[in-house]
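Chain by chain, the residues run as shown.
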Amino acid sequence: MNASEIGEFIAALLILIGSIIAVISAIGIIRFPDVYTRSHAATKSSTLSILLTLFGAFLFFWWGQSIFSVRILLGILFVFLTAPVAGHLISRAAYRRKVKMADTTVEDELYDVLHKKGAEDSKQHSE
Amino acid sequence: MAFQILINLIIATMWMFLSETYTAASFVTGYILGLGLLFLLNRFIPDSFYLKRVYKIFMLIMLFIKELIKSNIDIVKLVYNPKPEFEPGIFALPTELKSNWEITLLANLITLTPGTLSVAVSEDNTHIYIHALDIDDINDEINSIKDTFEKAIMEVTR
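Order-wise, the sequence lines are chains A and B. Counting in the numbering used here, the first sequence runs from 1 upward without gaps. Counting in the numbering used here, the second sequence runs from 128 upward without gaps.
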């Protein structure tokens, strides 16, 4: 087993792990009860799966074909920066539209803040 | 920090001019020499030696990747649990970070850590509201994790 075969093996392993994590993330999106918990599964697992898959592709092209692809590295960077922001925005928009949380939810400190602020606003309008 | 990097680049370019070899290797040599000079003349330059800060940024990225992998192991455990029993909830985290991009960085780190998802930032930038997957046993532990993240970000920025 020479060096480039070992490199291809590592790359294939990374891509395999990445796709397994993507499947787990999809199952999590189906199984979890509400928007917020689904968003947990969607942001974390799919970020890591995309990172692993892209990194595997990068290593394959680098060691197997000796092409150093900076574009893949840039793709990794952009996904790393934007995926958590997307998750944050989706859950925030859902909260603002008063999407119901799961029945097992025990605590909600944000509700008081928004509610109190809304009451003050309506008071200002009436004055 | 930007000022020190600029000085270092100028020293590297000067080194290329002095030795009259315009190659990447001579640029790297000049850069390393410039690092040595900046380290020796550290007391005359505002801020501390900038490699320290580069090292801290590197450590922050490593922390980020470690937490991302840990959070995925947690998600796997929850997904393959035949009866997932967890109590989600939203709690407020008071933060001492001031500038906008520090808070953005902290919110991103929180989103990619085990069991937490940042939902909103309060308007006066003093609290971050976090949706936790399992609020009972995790609340104190989360706070300690946030302390490490906040500390790491503070070490980078000031």
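One or more hints might be untrue.
Below, in silico cross-link-like pairs of lysine to aspartate or glutamate (DMTMM-like), each with a Cα-Cα straight-line distance of 25 angstroms or less [as the list claims (entries may be wrong)]:
1) Lys210(B) <-> Glu5(A)
2) Lys100(A) <-> Asp261(B)
3) Lys197(B) <-> Glu5(A)
4) Lys100(A) <-> Glu194(B)
5) Lys98(A) <-> Glu212(B)
6) Lys204(B) <-> Glu8(A)
7) Lys179(B) <-> Asp261(B)
8) Lys98(A) <-> Glu214(B)
9) Lys179(B) <-> Glu250(B)
10) Lys100(A) <-> Glu214(B)
11) Lys179(B) <-> Asp201(B)
12) Lys98(A) <-> Glu277(B)
13) Lys183(B) <-> Asp251(B)
14) Lys100(A) <-> Glu277(B)
15) Lys98(A) <-> Glu250(B)
16) Lys183(B) <-> Glu194(B)
17) Lys225(B) <-> Glu250(B)
18) Lys98(A) <-> Asp251(B)
Derived from the structure by calculation, the hints contain no laboratory data. Treat the numbers as computed from the prediction; the structure is a model and nothing was measured.
Hints and how they fare:
For the hint linking lysine 210(B) to glutamate 5(A), the alpha-carbon distance of about 42 angstroms lies beyond 25 angstroms, and the restraint is violated. Proposed proximity of lysine 100(A) and aspartate 261(B) is supported: the alpha carbons are some 17 angstroms apart, at most 25 angstroms. For a cut-off of 25 angstroms, the pair hint linking lysine 197(B) to glutamate 5(A) is broken: about 30 angstroms separates their Cα positions. For the suggested pair lysine 100(A) and glutamate 194(B), the alpha carbons sit about 29 angstroms apart, so the restraint of at most 25 angstroms is broken.
For the proposed pair lysine 98(A) and glutamate 212(B), the alpha carbon gap of about 24 angstroms is at most 25 angstroms, so the pair holds. Note on lysine 204(B) and glutamate 8(A): the hinted pairing is violated, with a Cα-Cα distance of about 30 angstroms set against a maximum of 25 angstroms. In summary, the hint linking lysine 179(B) to aspartate 261(B) is not supported, as the alpha carbons are separated by about 37 angstroms, beyond the 25 angstroms threshold. Taking the CA atoms of lysine 98(A) and glutamate 214(B), the gap is about 19 angstroms. The hint holds against a cut of 25 angstroms.
Note on lysine 179(B) and glutamate 250(B): the hinted pairing is violated, with a Cα-Cα distance of about 34 angstroms set against a maximum of 25 angstroms. With a C-alpha separation of about 15 angstroms, the suggested pair lysine 100(A) and glutamate 214(B) falls inside the 25 angstroms cut-off, and the hint holds. At most 25 angstroms may separate the alpha-carbon atoms for a hinted pair to count; lysine 179(B) and aspartate 201(B) exceed this at roughly 33 angstroms. Restraint check for lysine 98(A) and glutamate 277(B): the C-alpha separation of about 30 angstroms exceeds 25 angstroms, so the hint is violated.
For the given pair, lysine 183(B) sits about 28 angstroms from aspartate 251(B) by alpha-carbon distance, which is inconsistent with the 25 angstroms threshold. A distance of roughly 31 angstroms separates the Cα atoms of lysine 100(A) and glutamate 277(B); the hinted pair therefore is violated under the 25 angstroms criterion. For a cut-off of 25 angstroms, the pair hint linking lysine 98(A) to glutamate 250(B) stands: about 19 angstroms separates their Cα positions. At roughly 16 angstroms between alpha-carbon atoms, lysine 183(B) and glutamate 194(B) fall within 25 angstroms of each other, so this suggested pair holds.
A threshold of 25 angstroms between alpha carbons decides the hint, and for lysine 225(B) with glutamate 250(B) the separation of about 12 angstroms falls inside it, so the pair holds. Straight-line distance between C-alpha atoms of lysine 98(A) and aspartate 251(B) comes to about 22 angstroms, which keeps the hinted pair within the 25 angstroms bound.
Figure legend: structure checked against the earlier numbered hints; hints not met, in rising order: 1, 3, 4, 6, 7, 9, 11, 12, 13, 14.
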